[in-house]
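Protein sequences, first through last, are from chains D and C. Under this note's numbering, residues 1 to 185 are what the first sequence spells out, in order. Under this note's numbering, residues 1 to 185 are what the second sequence spells out, in order.
Calculated directly from the structure, the hints in this document are not laboratory data. Please note that a few of the clues may not be correct.
Since the list gives no way to pick out one identical chain from another, each pair is judged satisfied if it fits inside one copy or across any two copies.
In silico DSSO-like cross-links for lysine-lysine, where the CA-CA straight-line distance does not exceed 30 Å [unchecked claim]:
1) Lys64 / Lys80
2) Lys143 / Lys33
3) Lys63 / Lys185
4) Lys185 / Lys158
5) Lys129 / Lys64
6) Lys129 / Lys33
7) Lys33 / Lys68
8) Lys63 / Lys111
9) Lys64 / Lys148
10) Lys63 / Lys143
11) Lys46 / Lys64
12) Lys156 / Lys108
13) Lys156 / Lys68
Protein chains: 2
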Amino acid sequence: MKYPSNIKKNYKKPITYGNRGMDLEFLINEACKYYIENNLAIIYKKPTPIGIVEVDYNNMEIKKAYFKEPSTLDYNGIYKGKYVEFDAKECHSKTSFPLQNIHDHQIKHIKNIIVHGGIAFLIIGMNEKYFLFKGEDLLNFIKNTARKSIPYNIIKSKGQELKFNYLKGIDFLEGINIVYEELIK
Amino acid sequence: MKYPSNIKKNYKKPITYGNRGMDLEFLINEACKYYIENNLAIIYKKPTPIGIVEVDYNNMEIKKAYFKEPSTLDYNGIYKGKYVEFDAKECHSKTSFPLQNIHDHQIKHIKNIIVHGGIAFLIIGMNEKYFLFKGEDLLNFIKNTARKSIPYNIIKSKGQELKFNYLKGIDFLEGINIVYEELIK
Numbered sequence: 001m002k003y004p005s006n007i008k009k010n011y012k013k014p015i016t017y018g019n020r021g022m023d024l025e026f027l028i029n030e031a032c033k034y035y036i037e038n039n040l041a042i043i044y045k046k047p048t049p050i051g052i053v054e055v056d057y058n059n060m061e062i063k064k065a066y067f068k069e070p071s072t073l074d075y076n077g078i079y080k081g082k083y084v085e086f087d088a089k090e091c092h093s094k095t096s097f098p099l100q101n102i103h104d105h106q107i108k109h110i111k112n113i114i115v116h117g118g119i120a121f122l123i124i125g126m127n128e129k130y131f132l133f134k135g136e137d138l139l140n141f142i143k144n145t146a147r148k149s150i151p152y153n154i155i156k157s158k159g160q161e162l163k164f165n166y167l168k169g170i171d172f173l174e175g176i177n178i179v180y181e182e183l184i185k
Numbered sequence: 001m002k003y004p005s006n007i008k009k010n011y012k013k014p015i016t017y018g019n020r021g022m023d024l025e026f027l028i029n030e031a032c033k034y035y036i037e038n039n040l041a042i043i044y045k046k047p048t049p050i051g052i053v054e055v056d057y058n059n060m061e062i063k064k065a066y067f068k069e070p071s072t073l074d075y076n077g078i079y080k081g082k083y084v085e086f087d088a089k090e091c092h093s094k095t096s097f098p099l100q101n102i103h104d105h106q107i108k109h110i111k112n113i114i115v116h117g118g119i120a121f122l123i124i125g126m127n128e129k130y131f132l133f134k135g136e137d138l139l140n141f142i143k144n145t146a147r148k149s150i151p152y153n154i155i156k157s158k159g160q161e162l163k164f165n166y167l168k169g170i171d172f173l174e175g176i177n178i179v180y181e182e183l184i185k
């Protein structure tokens, strides 16, 4: 099973915090912080869904729980009044992004967000680059091909490359703004 | 400390599930399900924020964790493209709603959502009635009075009463729509 990324973070933090500078989720969280502090957007990572089995109510400590599979995307929030939701995916293949990275109910969720006039996308980390890949492009790809993965050249051509910035982490807001402008056209 | 409501639910469920028919959170979750199934809105309860201390990676079981204090509201989602976020509060006093039910960072968050053009409110369960109380009215009350609680007559006059419906639970979408119409005016 895939480790929920923020657990991995909790788990790694004490050991390799320094190395996490290049971790996609870390860089997106830095950007979210920057956007909130500078009042540009309000975007948060959702807490990892947890099923709680046992709680010690004397000290409110959780003694037993398990990870639930997310049916939505990891981040959501608001930009210029619009609803925004996205997921961050690190891709280790240099040639293509495996669609198995996205659950079917997440695909359905992306479709719903778009139907309701929201902004949905993936941020894909691949070949040391970062791309905002629109939900619409993802759905079209799935609809129009039988392929199990998205070739890198499609991600590069359809996606918007996001710049790394030491102050902001991965600055994805400009990418959102492009989707926003298309949406309000 | 206040028990996170969905934990309380996990805890109670096996014992008093039947009684939970009147539980505010349960009735709101029913409405959310109805709205998603009928493609009217996409609103979810956020997972309770948990700090994970210890995980058994052999079976991915969480052995030790604690509840974090939420800095946002419990529910968020999308309605007609707009960002929506709200919290559900059951009030046991018949005369007034204590503001200590809402943390300062939640107030700040409500302010931010409104600044960014979103829809933020509370659903208050009080005197066996349910009211949608707008974030704007909450912020105005806090700004203009020194009172530590909102009198019931203000909740009744400013708030929109929400109807209970056996199919939908507490039908709050009409209330959201009124806020939405004001927003796009």
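The hints, checked one at a time:
no., hint, verdict
1, Lys64 / Lys80, "neither (40 Å within a copy, 39 Å between copies)"
2, Lys143 / Lys33, "between (35 Å within a copy, 27 Å between copies)"
3, Lys63 / Lys185, "neither (51 Å within a copy, 50 Å between copies)"
4, Lys185 / Lys158, "within (19 Å within a copy, 36 Å between copies)"
5, Lys129 / Lys64, "neither (39 Å within a copy, 36 Å between copies)"
6, Lys129 / Lys33, "within (21 Å within a copy, 38 Å between copies)"
7, Lys33 / Lys68, "both (26 Å within a copy, 18 Å between copies)"
8, Lys63 / Lys111, "neither (37 Å within a copy, 36 Å between copies)"
9, Lys64 / Lys148, "neither (36 Å within a copy, 38 Å between copies)"
10, Lys63 / Lys143, "neither (44 Å within a copy, 42 Å between copies)"
11, Lys46 / Lys64, "both (21 Å within a copy, 20 Å between copies)"
12, Lys156 / Lys108, "within (24 Å within a copy, 39 Å between copies)"
13, Lys156 / Lys68, "neither (32 Å within a copy, 39 Å between copies)"
Of the numbered hints listed earlier, those contradicted by the structure are 1, 3, 5, 8, 9, 10 and 13.
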